[in-house]
Amino acid sequence: MERMVNVFSNGVFRRKGNTILFESDKGNRYLPVESVREIIVHGEVDFNKRFLEFLSEKEITMHYFNHYGYYMGTFYPREHYNSGFMTLKQAEFYLDPQKRLELAQAFVWGAAQNITKVLRYYSNRGKDVMGSLEQIERLAALVESTNKIPELMALEGNMRELYYQNFDVILTGSGFTFQKRSRRPPTNQLNALISFGNSLMYSIVLAEIYKTHLDPRIGYLHTTNDRRFSLHLDIAEIFKPIIVDRLIFTLISKRMITLKDFGRLEGGIVMSEKARKIFVEGFDERLRQVIRQRKIRRMVSYRRLIRMEVYKLEKHFLGDEPYEPFVAQW
Amino acid sequence: MFVILVYDAGVKRDPKILKTCRKYLNWIQNSVFEGELTEGKFKKLQHELRDIINAQEDYIVIYVLSSQRYNSRITLGKPKVEEGFIL
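Protein sequence lines correspond, in order, to chains A and B. Mapping of the first sequence onto our numbering: position 257 corresponds to residue 257, and the numbering continues sequentially without gaps. Mapping of the second sequence onto our numbering: position 36 corresponds to residue 36, and the numbering continues sequentially without gaps.
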């Protein structure tokens with residue numbers, strides 16, 4: 001039952017009594033190390049090397065977000081599951097254009113399936129998204145026939161554009177509008193939410209990859225090597241629609257986050273701290289929510305599903321079982 | 001599983017138990033902890049505690065609930081620490 005810890009207040013992290021102590025003006029708070037999977041730091045926090053050593057020992061990743069809620073970096077502790085064989089296999093699947101394409105296609109296909117699940121859900125609730133739903137399905141059918149990664153990425157881009165256009169339909173009457181996808185900085189409130197949600201998603205997937213033998217530096221859809229990590233971006237594609245986007249719709253329709261929760265900054269829009277807290281809370285809840293996994297016939301949390309996705313990839317690399325992306329059943 | 005742990009021990013062992021429990025569970029108030037654990041972690045905790053206590057004098061009671069879903073938690077007054085994983 002390991003969880004993510006989100007820190008918004010300013011304070012000091014210490015190793016104390018073999019566990020984590022957080023000292024802030026609100027008082028001292030001990031965190032059970034054994035129940036912490038990752039720490040996400042939003043506020044100003046001090047700590048020393050001793051503390052980082054402790055995190056390494058306990059295999060806890062730490063992610064930093066700056067004052068405006070932008071992802072800044074990760075403390076990725078020393079790899080503890082070393083498997084030269086697995087790294088070799090992972091590289092092999094990257095270097096062989098056909099093998100790489102197949103994996104990239106699987107990610108895009110999985111993402112497309114989950115996108116249609118989300119749209120269908122809202123279509124059942126009387127939102128007029130049927131038209132683009134069919135278009136996205138038609139595009140998804142083309143994924144298999146792509147021959148090159150750039151071609152696949154273009155296709156993915158088209159699907160996502162169609163998908164995002166429906167955000168306006170789903171959110172009519174809420175005051176939130178999508179217009180177009182904008183990042184760095186997001187130019188409207190909805191884009192700010194999407195960006196923040198996606199960054200959280202990446203952090204979580206990265207933390208899950210850390211707990212396996214895979215090397216997050218080798219991605220397939222997202223090209224490897226000119227940035228530190230990319231595999232988590234691939235895997236996150238599959239989960240973004242069902243975790244991040246659904247959460248955004250829920251928070252907006254329940255009016256938990258409103259247009260008032262945003263500020264302006266140098267041509268961009270940033271979320272207020274209050275909105276970020278609400279978002280993170282909802283996100284954590286979503287990750288702990290359990291659904292029935294058909295194959296193993298057991299209840300598993302969304303968080304666990306992400307880990308299982310990484311294991312499926314391991315199996316794929318080892319040649320045990322071809323990778324099939326997770327598709328929501330609801 | 002969700003567990004509630006209460007203990008009572010001699011002055012010498014009390015802080016040891018406190019520190020051990022802190023690694024796994026959230027401190028609620030003096031000699032009371034609660035939290036969500038996996039079965040493995042729960043076993044580990046029990047082993048650690050067994051090594052500390054004096055079986056003749058100390059007593060630890062752990063209430064194990066399979067989930068929090070069918071329980072309500074009623075509180076009166078002011079909590080000793082802020083709970084939750086958002087700081």
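Hints were generated in silico from the structure; no laboratory data involved. Positions of the beta carbon are idealized from the N, C-alpha and C atoms, including for glycine. A hint or two may mislead.
[Stated by the list, open to error] Cross-link-like lysine-lysine pairs, in silico, PhoX-like; alpha carbons within 20 Å at most:
id: 1; chain 1: B; residue 1: Lys80; chain 2: A; residue 2: Lys26
id: 2; chain 1: A; residue 1: Lys26; chain 2: A; residue 2: Lys16
id: 3; chain 1: B; residue 1: Lys16; chain 2: A; residue 2: Lys16
[To be verified] Residues of chain A clear of chain B, computed beta-carbon distances all greater than 10 Å:
id: 4; residue: Arg29
id: 5; residue: Asp261
id: 6; residue: Lys277
Cross-check of the supplied hints:
1. Straight-line distance between C-alpha atoms of Lys80(B) and Lys26(A) comes to about 12 Å, which keeps the hinted pair within the 20 Å bound.
2. Between Lys26(A) and Lys16(A) the CA atoms are separated by roughly 18 Å; this keeps the pair inside 20 Å, and the hint holds.
3. Our distance criterion of 20 Å between C-alpha atoms is met by Lys16(B) and Lys16(A), whose separation comes to about 13 Å.
4. In this structure Arg29(A) is not separated from chain B by more than 10 Å, as the shortest Cβ-Cβ distance comes to only about 6 Å.
5. Consistency note on Asp261(A): stated as away from chain B, and its beta-carbon is indeed over 10 Å from all of that chain's, at 16 Å minimum.
6. Not every CB of chain B is more than 10 Å from the CB of Lys277(A) (nearest about 6 Å), against its label as outside the interface.
This entry does not satisfy hints 4, 6, going by the numbered hints stated previously.
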